[in-house]
Amino acid sequence: SAVISQKPSRDICQRGTSLTIQCQVDSQVTMMFWYRQQPGQSLTLIATANQGSEATYESGFVIDKFPISRPNLTFSTLTVSNMSPEDSSIYLCSVVGGADTQYFGPGTRLTVL
Amino acid sequence: EDQVTQSPEALRLQEGESSSLNCSYTVSGLRGLFWYRQDPGKGPEFLFTLYSAGEEKEKERLKATLTKKESFLHITAPKPEDSATYLCAVEDRYDYKLSFGAGTTVTVRA
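Residue numbers (this note's numbering), protein chains in the order written: chain A, 1 to 113; chain B, 1001 to 1110.
Treat the hints with caution; some may be incorrect.
Unchecked claim - Derived EDC-like pairs (lysine to aspartate or glutamate); straight-line CA-CA distance at most 20 Å: (1) B:LYS1068 - B:ASP1002; (2) B:LYS1097 - B:ASP1002; (3) A:LYS7 - B:GLU1045; (4) B:LYS1063 - B:GLU1015; (5) B:LYS1068 - B:ASP1092; (6) B:LYS1097 - A:GLU58; (7) B:LYS1069 - B:ASP1092; (8) B:LYS1079 - B:GLU1015; (9) B:LYS1042 - A:ASP87; (10) A:LYS7 - B:ASP1039; (11) B:LYS1097 - A:ASP100; (12) B:LYS1063 - B:ASP1082; (13) B:LYS1042 - A:ASP26; (14) B:LYS1068 - B:GLU1056; (15) B:LYS1042 - A:ASP11; (16) B:LYS1079 - B:ASP1039; (17) B:LYS1068 - B:GLU1001; (18) B:LYS1079 - B:GLU1017; (19) B:LYS1057 - A:ASP100; (20) B:LYS1063 - B:ASP1039; (21) B:LYS1079 - B:GLU1045; (22) A:LYS7 - A:ASP87; (23) B:LYS1057 - B:ASP1082; (24) B:LYS1097 - A:GLU54; (25) B:LYS1069 - B:GLU1055; (26) B:LYS1097 - B:GLU1070; (27) A:LYS65 - A:ASP11.
Unchecked claim - Quick list of simulated restraints, FRET-style, between CB atoms: (28) A:SER84 - B:SER1052: 39 to 47 Å; (29) B:ALA1077 - A:ASN50: 44 to 52 Å; (30) A:ASN72 - B:ASP1095: 19 to 27 Å; (31) B:LYS1042 - A:LYS65: 23 to 31 Å; (32) A:SER27 - B:GLU1070: 31 to 39 Å; (33) A:SER53 - B:PHE1046: 26 to 34 Å; (34) B:ARG1012 - A:ASP26: 31 to 39 Å; (35) A:ASP11 - B:PRO1040: 17 to 25 Å; (36) B:GLY1054 - A:GLY16: 52 to 60 Å; (37) A:ASP26 - B:GLU1001: 33 to 41 Å; (38) B:SER1024 - A:GLN22: 33 to 41 Å; (39) B:GLY1054 - A:GLY52: 37 to 45 Å; (40) B:THR1005 - A:PRO85: 23 to 31 Å.
Just so you know, the hints here were simulated from the structure itself, not pulled from any lab data. Positions of the beta carbon are idealized from the N, C-alpha and C atoms, including for glycine.
Could you build the full structure based on these sequences and the hints that come with them?
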């Protein structure tokens, strides 16, 4: 399975600011995703990070709020823009690895005050 | 739209007390059903993938089974280290997108 790291692991931010989360994989992967896990809830897919093209967003998520970059096959960033307390969540990246199984990073715990 | 429902929401067990978790699903075309374990403050850890009805997979004290409408995760003689939230997810056709259930939080007391 792929080894996935995320930075930062946690952060506390003020409302109205933006935070960029990094996801690094130890091998080249084609499929990479970003999920959100709100407090006490399960995972919700935000978008598919496409290498060399614009991300594909799920219903309810927009590029202006969650811009995503995917400059190569091992790295992606998710920015949470103009944050409000409702954005307080764990943000997770995932990749499709061997046997077409999806593996997750350790997550970034974001608190917005 | 894919739907995944897990029950119970929470399960408290004595060490050695076997039990089962349920995951019922509706999906237009199932490619796979996935079970993950999530510890507090960590990302989900992959456990099993099941592809077709009748399939079973085992790992230590865990056994996952699949029918056309639901999956069960059986925990045999659990230990405190089995305490975690267990997540079920389905992948529709071949888009690799996972739809998750809300999870079952298992607490095993020594």
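To see whether the hints hold, each was checked on the structure:
no.: 1; hint: B:LYS1068 - B:ASP1002; result: holds, 14 Å
no.: 2; hint: B:LYS1097 - B:ASP1002; result: holds, 11 Å
no.: 3; hint: A:LYS7 - B:GLU1045; result: holds, 19 Å
no.: 4; hint: B:LYS1063 - B:GLU1015; result: holds, 17 Å
no.: 5; hint: B:LYS1068 - B:ASP1092; result: holds, 14 Å
no.: 6; hint: B:LYS1097 - A:GLU58; result: holds, 10 Å
no.: 7; hint: B:LYS1069 - B:ASP1092; result: holds, 14 Å
no.: 8; hint: B:LYS1079 - B:GLU1015; result: holds, 5 Å
no.: 9; hint: B:LYS1042 - A:ASP87; result: holds, 18 Å
no.: 10; hint: A:LYS7 - B:ASP1039; result: holds, 19 Å
no.: 11; hint: B:LYS1097 - A:ASP100; result: holds, 11 Å
no.: 12; hint: B:LYS1063 - B:ASP1082; result: holds, 13 Å
no.: 13; hint: B:LYS1042 - A:ASP26; result: holds, 19 Å
no.: 14; hint: B:LYS1068 - B:GLU1056; result: holds, 13 Å
no.: 15; hint: B:LYS1042 - A:ASP11; result: holds, 15 Å
no.: 16; hint: B:LYS1079 - B:ASP1039; result: holds, 15 Å
no.: 17; hint: B:LYS1068 - B:GLU1001; result: holds, 17 Å
no.: 18; hint: B:LYS1079 - B:GLU1017; result: holds, 9 Å
no.: 19; hint: B:LYS1057 - A:ASP100; result: holds, 17 Å
no.: 20; hint: B:LYS1063 - B:ASP1039; result: holds, 19 Å
no.: 21; hint: B:LYS1079 - B:GLU1045; result: holds, 18 Å
no.: 22; hint: A:LYS7 - A:ASP87; result: holds, 17 Å
no.: 23; hint: B:LYS1057 - B:ASP1082; result: holds, 17 Å
no.: 24; hint: B:LYS1097 - A:GLU54; result: holds, 17 Å
no.: 25; hint: B:LYS1069 - B:GLU1055; result: holds, 13 Å
no.: 26; hint: B:LYS1097 - B:GLU1070; result: holds, 19 Å
no.: 27; hint: A:LYS65 - A:ASP11; result: holds, 18 Å
no.: 28; hint: A:SER84 - B:SER1052: 39 to 47 Å; result: holds, 44 Å
no.: 29; hint: B:ALA1077 - A:ASN50: 44 to 52 Å; result: holds, 45 Å
no.: 30; hint: A:ASN72 - B:ASP1095: 19 to 27 Å; result: holds, 22 Å
no.: 31; hint: B:LYS1042 - A:LYS65: 23 to 31 Å; result: holds, 26 Å
no.: 32; hint: A:SER27 - B:GLU1070: 31 to 39 Å; result: holds, 35 Å
no.: 33; hint: A:SER53 - B:PHE1046: 26 to 34 Å; result: holds, 28 Å
no.: 34; hint: B:ARG1012 - A:ASP26: 31 to 39 Å; result: holds, 38 Å
no.: 35; hint: A:ASP11 - B:PRO1040: 17 to 25 Å; result: holds, 18 Å
no.: 36; hint: B:GLY1054 - A:GLY16: 52 to 60 Å; result: holds, 54 Å
no.: 37; hint: A:ASP26 - B:GLU1001: 33 to 41 Å; result: holds, 34 Å
no.: 38; hint: B:SER1024 - A:GLN22: 33 to 41 Å; result: holds, 37 Å
no.: 39; hint: B:GLY1054 - A:GLY52: 37 to 45 Å; result: holds, 41 Å
no.: 40; hint: B:THR1005 - A:PRO85: 23 to 31 Å; result: holds, 29 Å
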